[in-house]
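Chemist: First to last, the protein sequences are chains W and P. Letter by letter, the first sequence follows residues 0 to 586 of numbering that gives the first Met the number 0. Letter by letter, the second sequence follows residues 0 to 586 of numbering that gives the first Met the number 0.
Simulated from the structure, these hints should not be mistaken for lab results. Keep in mind that a hint or two might mislead.
Said to hold, decoys possible - Listed below are the simulated BS3-like cross-link pairs for lysine-lysine, each with C-alpha atoms no more than 30 Å apart in a straight line:
1) Lys314/P to Lys141/P
2) Lys574/W to Lys141/P
3) Lys139/P to Lys215/P
4) Lys283/P to Lys382/P
5) Lys141/W to Lys141/P
6) Lys558/P to Lys562/W
7) Lys382/W to Lys416/P
8) Lys574/P to Lys508/W
9) Lys562/P to Lys407/W
10) Lys382/P to Lys538/W
11) Lys283/P to Lys558/W
12) Lys558/P to Lys538/W
13) Lys538/P to Lys574/P
14) Lys416/W to Lys382/W
15) Lys538/P to Lys562/W
16) Lys407/P to Lys382/P
17) Lys382/P to Lys508/W
18) Lys139/W to Lys206/W
19) Lys382/P to Lys562/W
20) Lys558/W to Lys538/W
21) Lys508/W to Lys538/P
22) Lys314/P to Lys139/P
23) Lys141/W to Lys314/W
24) Lys574/W to Lys139/P
25) Lys407/P to Lys206/P
26) Lys538/W to Lys562/P
27) Lys508/P to Lys558/W
28) Lys416/W to Lys382/P
29) Lys508/P to Lys574/P
30) Lys139/W to Lys139/P
31) Lys416/P to Lys562/W
32) Lys206/P to Lys558/W
This one's a predicted model, so the numbers in the text were calculated from it and none came from an experiment.
Letter by letter, the chains look like this.
2 protein chains.
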Amino acid sequence: MATRTARRPTTAPSPASPTRSARSTAAARSSSERLAESTPLRIIPLGGVGEIGKNMYVFEYGEDIVVVDCGLMFPDEEMFGIDLVVPDVTYLRERREAVRAFIITHAHEDHVGGLPYVLPDFPGVPIYASTLARGLLSNKVKEHHLTNNPMLALEAGETVTVGPFTVTAFRIGHSIPDAMGLIIRTPVGIVVHTGDFKFDHTPVDGKPSDFHALAKVGEEGVLCLLSDSTRAENPGYTPSERTVGEAFREIMEPLDGRVIVATFASNIARVQQVFDAARSFERKVAVVGRSMEQNVRIATELGYLEYPQSQLIAKDQIRSTPSDRLVIATTGAQGEPMAGLARMANRDHRWVEIEPGDTVIVSASPIPGNEEYVARTIDNLFKQGANVIYHAIRHAHVSGHASQEELKLMLNLTRPKYFIPMHGEFRMLVQHGRLAAEVGVAAENILIVENGQPVEFRADGTARRGQPVSSGYVFVDGLSVGEVGDVVLRDRRALAADGMFLVVVTVDKQTGRVIGEPEIVTRGFVDDLSDPVIGAAAKRVLHAIARPEEHTSEVALLKTQIKDGLSRYLYEQTKRRPMVFPVVVEV
Amino acid sequence: MATRTARRPTTAPSPASPTRSARSTAAARSSSERLAESTPLRIIPLGGVGEIGKNMYVFEYGEDIVVVDCGLMFPDEEMFGIDLVVPDVTYLRERREAVRAFIITHAHEDHVGGLPYVLPDFPGVPIYASTLARGLLSNKVKEHHLTNNPMLALEAGETVTVGPFTVTAFRIGHSIPDAMGLIIRTPVGIVVHTGDFKFDHTPVDGKPSDFHALAKVGEEGVLCLLSDSTRAENPGYTPSERTVGEAFREIMEPLDGRVIVATFASNIARVQQVFDAARSFERKVAVVGRSMEQNVRIATELGYLEYPQSQLIAKDQIRSTPSDRLVIATTGAQGEPMAGLARMANRDHRWVEIEPGDTVIVSASPIPGNEEYVARTIDNLFKQGANVIYHAIRHAHVSGHASQEELKLMLNLTRPKYFIPMHGEFRMLVQHGRLAAEVGVAAENILIVENGQPVEFRADGTARRGQPVSSGYVFVDGLSVGEVGDVVLRDRRALAADGMFLVVVTVDKQTGRVIGEPEIVTRGFVDDLSDPVIGAAAKRVLHAIARPEEHTSEVALLKTQIKDGLSRYLYEQTKRRPMVFPVVVEV
Numbered sequence: 000m001a002t003r004t005a006r007r008p009t010t011a012p013s014p015a016s017p018t019r020s021a022r023s024t025a026a027a028r029s030s031s032e033r034l035a036e037s038t039p040l041r042i043i044p045l046g047g048v049g050e051i052g053k054n055m056y057v058f059e060y061g062e063d064i065v066v067v068d069c070g071l072m073f074p075d076e077e078m079f080g081i082d083l084v085v086p087d088v089t090y091l092r093e094r095r096e097a098v099r100a101f102i103i104t105h106a107h108e109d110h111v112g113g114l115p116y117v118l119p120d121f122p123g124v125p126i127y128a129s130t131l132a133r134g135l136l137s138n139k140v141k142e143h144h145l146t147n148n149p150m151l152a153l154e155a156g157e158t159v160t161v162g163p164f165t166v167t168a169f170r171i172g173h174s175i176p177d178a179m180g181l182i183i184r185t186p187v188g189i190v191v192h193t194g195d196f197k198f199d200h201t202p203v204d205g206k207p208s209d210f211h212a213l214a215k216v217g218e219e220g221v222l223c224l225l226s227d228s229t230r231a232e233n234p235g236y237t238p239s240e241r242t243v244g245e246a247f248r249e250i251m252e253p254l255d256g257r258v259i260v261a262t263f264a265s266n267i268a269r270v271q272q273v274f275d276a277a278r279s280f281e282r283k284v285a286v287v288g289r290s291m292e293q294n295v296r297i298a299t300e301l302g303y304l305e306y307p308q309s310q311l312i313a314k315d316q317i318r319s320t321p322s323d324r325l326v327i328a329t330t331g332a333q334g335e336p337m338a339g340l341a342r343m344a345n346r347d348h349r350w351v352e353i354e355p356g357d358t359v360i361v362s363a364s365p366i367p368g369n370e371e372y373v374a375r376t377i378d379n380l381f382k383q384g385a386n387v388i389y390h391a392i393r394h395a396h397v398s399g400h401a402s403q404e405e406l407k408l409m410l411n412l413t414r415p416k417y418f419i420p421m422h423g424e425f426r427m428l429v430q431h432g433r434l435a436a437e438v439g440v441a442a443e444n445i446l447i448v449e450n451g452q453p454v455e456f457r458a459d460g461t462a463r464r465g466q467p468v469s470s471g472y473v474f475v476d477g478l479s480v481g482e483v484g485d486v487v488l489r490d491r492r493a494l495a496a497d498g499m500f501l502v503v504v505t506v507d508k509q510t511g512r513v514i515g516e517p518e519i520v521t522r523g524f525v526d527d528l529s530d531p532v533i534g535a536a537a538k539r540v541l542h543a544i545a546r547p548e549e550h551t552s553e554v555a556l557l558k559t560q561i562k563d564g565l566s567r568y569l570y571e572q573t574k575r576r577p578m579v580f581p582v583v584v585e586v
Numbered sequence: 000m001a002t003r004t005a006r007r008p009t010t011a012p013s014p015a016s017p018t019r020s021a022r023s024t025a026a027a028r029s030s031s032e033r034l035a036e037s038t039p040l041r042i043i044p045l046g047g048v049g050e051i052g053k054n055m056y057v058f059e060y061g062e063d064i065v066v067v068d069c070g071l072m073f074p075d076e077e078m079f080g081i082d083l084v085v086p087d088v089t090y091l092r093e094r095r096e097a098v099r100a101f102i103i104t105h106a107h108e109d110h111v112g113g114l115p116y117v118l119p120d121f122p123g124v125p126i127y128a129s130t131l132a133r134g135l136l137s138n139k140v141k142e143h144h145l146t147n148n149p150m151l152a153l154e155a156g157e158t159v160t161v162g163p164f165t166v167t168a169f170r171i172g173h174s175i176p177d178a179m180g181l182i183i184r185t186p187v188g189i190v191v192h193t194g195d196f197k198f199d200h201t202p203v204d205g206k207p208s209d210f211h212a213l214a215k216v217g218e219e220g221v222l223c224l225l226s227d228s229t230r231a232e233n234p235g236y237t238p239s240e241r242t243v244g245e246a247f248r249e250i251m252e253p254l255d256g257r258v259i260v261a262t263f264a265s266n267i268a269r270v271q272q273v274f275d276a277a278r279s280f281e282r283k284v285a286v287v288g289r290s291m292e293q294n295v296r297i298a299t300e301l302g303y304l305e306y307p308q309s310q311l312i313a314k315d316q317i318r319s320t321p322s323d324r325l326v327i328a329t330t331g332a333q334g335e336p337m338a339g340l341a342r343m344a345n346r347d348h349r350w351v352e353i354e355p356g357d358t359v360i361v362s363a364s365p366i367p368g369n370e371e372y373v374a375r376t377i378d379n380l381f382k383q384g385a386n387v388i389y390h391a392i393r394h395a396h397v398s399g400h401a402s403q404e405e406l407k408l409m410l411n412l413t414r415p416k417y418f419i420p421m422h423g424e425f426r427m428l429v430q431h432g433r434l435a436a437e438v439g440v441a442a443e444n445i446l447i448v449e450n451g452q453p454v455e456f457r458a459d460g461t462a463r464r465g466q467p468v469s470s471g472y473v474f475v476d477g478l479s480v481g482e483v484g485d486v487v488l489r490d491r492r493a494l495a496a497d498g499m500f501l502v503v504v505t506v507d508k509q510t511g512r513v514i515g516e517p518e519i520v521t522r523g524f525v526d527d528l529s530d531p532v533i534g535a536a537a538k539r540v541l542h543a544i545a546r547p548e549e550h551t552s553e554v555a556l557l558k559t560q561i562k563d564g565l566s567r568y569l570y571e572q573t574k575r576r577p578m579v580f581p582v583v584v585e586v
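Okay, chain W solo, but in the shape it has when bound:
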């Protein structure tokens, strides 16, 4: 490989060039070749490392950017009051003109949920997605008026060219139909992005992962593999989705009470298996829960869900259907307080009241962070008299993500020179990196990167870490996207810990004397407003500011005196630190 380092393609005509057209072709080729050598391909995670559920990888070459996925994550327990968290796309906004396309691997929220908050900054940029993904996105498009971005078809097996990138989608197994991985041909080499995946040899829809496409690209030569690390800690193979259907049948067979199955609304294959198992025992299916009803409708229309029309009954038929002829499919398998299952567990559901004799199948494993919600829901269902089949007792769920043996298979099929583990917490990336080393990827070519950390690949086959770019969280809170930041969160944390204590003092502007009694407003501090500490605090305030020698007409100083004195006093009395707000009104 030559070591030319021309920074800019030259357009000076070669003296030996025979014809104008040939010359310009040669110049163009030479220019693009030199460009390839001088311009790096930059791969940048803006989400996808450190927290599952906010996936976004950026592919940048010169003046062209393609973005793969745009997810959201749900707030962790310290993000008080936050509704959603989406990736900070400052980096993309600063390169608005370069962004050519968003490509969606599948329509799970952690891959598409950020679109409504990100797209408004990128009008006209097309979104490529498969048929089902486009179908599931259609509601989001309507709800958020995302009509400025054309929604284009990209199905597994199809190829689209976007700027310098030629992107071929390939079918990959996951817990939603039509999930895709991407083979991205770039001027410096081929990159494979697996999307979320598992290798299910007996998928419910009969369409296994495209092993051949992966084998072929592996032979061709893969510069870099980006692969799903969610289950990199898990040895062996993830079982086939089909095993869940068998579990459903085994559980339902001896029952003559109602069966309630809670699972993910987007797991169409799982819902298919609920219909199938129910049919084996001549049970009808009622679908309950907004997102599941919506998804079932869309998936049925698009042909992703098959059942006799008469098997699906309306919610208002639930009460009139005999218990041994009914399965209810619902949402809330993660214990989400507002979803179907938790409402049923709390006797707060419009259509379903849990009765002794009901069997509830929680067809999910708790996602990290949701364990307590799930536990509470299961406990409450037991208290209502239901029998509950849940993850700790019997598996009626399988993951949609590849375990270690599948991850190694992916590595061995694609035989990448470089490997970037993606989608997972840092420790999972580390474990995935170890798997790559085991199958023979050179240790120095295993690149564990955090969000905002670019990896730059050059035509000479080298790779290096670039300067970190702007990345991080943006909080969605009510209508605000990004307005609520760390200061607000810090204050919410302080308010949550010990509440607030407000004191209003009226002062005579002339004399500096306090007029009347201080008014106190406190919340989240003491239960009883007649608590002696409150009265004593008021006296303390008067005392602190009534010393004649310290009279001051400086409101700011007065406030500081009140705040400091009061904070100290309240802490001494209670060992708690409410936020103290002094208000001084001068009259």
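Dock chain P against chain W, hints included.
Modeler: Frame of chain W, contents of chain P only:
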């Protein structure tokens, strides 16, 4: 059994009674017999159901009460700002004179942590505990000045009589030495309380559970068994603590860097195994973390921990000890933000700085609710360059609680007529109840009770549920015990969700006119105080109250107008609902 139902022992002399003394003896016997038939034994969980970590069972017979354990729990994520949660002992306080003793099964916080908050109401009532438990409690006694309650010895194998109860402690395996179960002989029958337990056949201290005492009492006839349900969902047997020592050795053998082992400070057997494994590879041990240092000191003094004196090095020798000669034992295996391991992970530890080449063994499984803390700590340790051995990768931890086969063994050894599963979330009690049914306890004699739900046993061998008694949580927050209640928590939740918005308006008392501009103080609502919504809100307030036709001298009404108008406006503008506080100052 006779069916006499005398409510009160009669003292009328029988006409056939031969002598006064014989007569009075007969009368006494008859009286106590009748008492036995009429007075129920009441067993009441005041903590121990629904949340692991707040264990307290009450045994009441007539005018005598014995309390077994007095635990605390750590607040869940919705208990904002709360330090600790202890059982509500209103029921005991109302029967203060009847409380004869607290008996402690072992000195884990979830069994003794409530004592400092409960004992002040029960001066003079003795606490029975084993040698190690008394040793570990001594710090608590000092710290909280609990000198009004005599601390009495009750060792495994010993019997103490407390009122009508004859209590024999028996040795049982658990993740702390000297753990005990209790055989409680009562006037209506024998009750067995297992404490927390597992059946470890090869315990580190060489002292297995007292199978013989259990077998013997089982032959004698057990009225009721109360048994630990923590691991009732787990099939099979819990492995021996000794397997952890083997894991330590296997992990340490190939290493030449430092080894850091994080585990529970109270798990003396685990710490013993750290010393033992370290010694196999000629490594010294440094103990880091206040509670672990304390416990190691006490356990060493009392002879529960054995190692050559020279093996233990001081913290300030850590830096000068060669990496391959050092093991650091520390706290924080649950990711607790203030404990040793999290501080090391955050480069915020005074004595230990993580270096590449360090191996960290997290010798624990995350307790429900701690998963995210543990995950974050592990991630940060990896980022510091350490190799981390944790639960998902390799087990270097075993539970201290019995799995299903051990629970069945406990049931089969004691052969109880009645069974009350204790210590566990509701679903675990349900599972434990199923195990009891499997081994032959009559279904109607399996009593799944919630906190505050008494079970009453009578001498005729019957049992029934009594009227629920006062029970629940008491929050410890700073110096306050029980003063912070639901109202405060509700306000903290509201403040945490959307912050607060305070507006101060000064009004002329005579004219009802607003003087000057409203002052606005807001926290946890918007990041930027120059946000237009704030200025607009001030104008809105003026507008709302400045309409002459609505002039009012009613401050209360004015406040309501401001609050309602402002709340509505802020919600419309932001879809958030900060707590709005209107302050009206009349001058």
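Chemist: Decide, hint by hint, whether the structure agrees.
Modeler: Against the structure, the hints:
no. : hint                 : verdict
1   : Lys314/P to Lys141/P : 25 Å, holds
2   : Lys574/W to Lys141/P : 20 Å, holds
3   : Lys139/P to Lys215/P : 36 Å, violated
4   : Lys283/P to Lys382/P : 26 Å, holds
5   : Lys141/W to Lys141/P : 66 Å, violated
6   : Lys558/P to Lys562/W : 24 Å, holds
7   : Lys382/W to Lys416/P : 24 Å, holds
8   : Lys574/P to Lys508/W : 39 Å, violated
9   : Lys562/P to Lys407/W : 61 Å, violated
10  : Lys382/P to Lys538/W : 52 Å, violated
11  : Lys283/P to Lys558/W : 56 Å, violated
12  : Lys558/P to Lys538/W : 25 Å, holds
13  : Lys538/P to Lys574/P : 19 Å, holds
14  : Lys416/W to Lys382/W : 56 Å, violated
15  : Lys538/P to Lys562/W : 28 Å, holds
16  : Lys407/P to Lys382/P : 44 Å, violated
17  : Lys382/P to Lys508/W : 58 Å, violated
18  : Lys139/W to Lys206/W : 27 Å, holds
19  : Lys382/P to Lys562/W : 41 Å, violated
20  : Lys558/W to Lys538/W : 16 Å, holds
21  : Lys508/W to Lys538/P : 25 Å, holds
22  : Lys314/P to Lys139/P : 24 Å, holds
23  : Lys141/W to Lys314/W : 25 Å, holds
24  : Lys574/W to Lys139/P : 19 Å, holds
25  : Lys407/P to Lys206/P : 21 Å, holds
26  : Lys538/W to Lys562/P : 28 Å, holds
27  : Lys508/P to Lys558/W : 25 Å, holds
28  : Lys416/W to Lys382/P : 24 Å, holds
29  : Lys508/P to Lys574/P : 35 Å, violated
30  : Lys139/W to Lys139/P : 57 Å, violated
31  : Lys416/P to Lys562/W : 64 Å, violated
32  : Lys206/P to Lys558/W : 65 Å, violated
This entry does not satisfy hints 3, 5, 8, 9, 10, 11, 14, 16, 17, 19, 29, 30, 31 and 32, going by the numbered hints stated previously.
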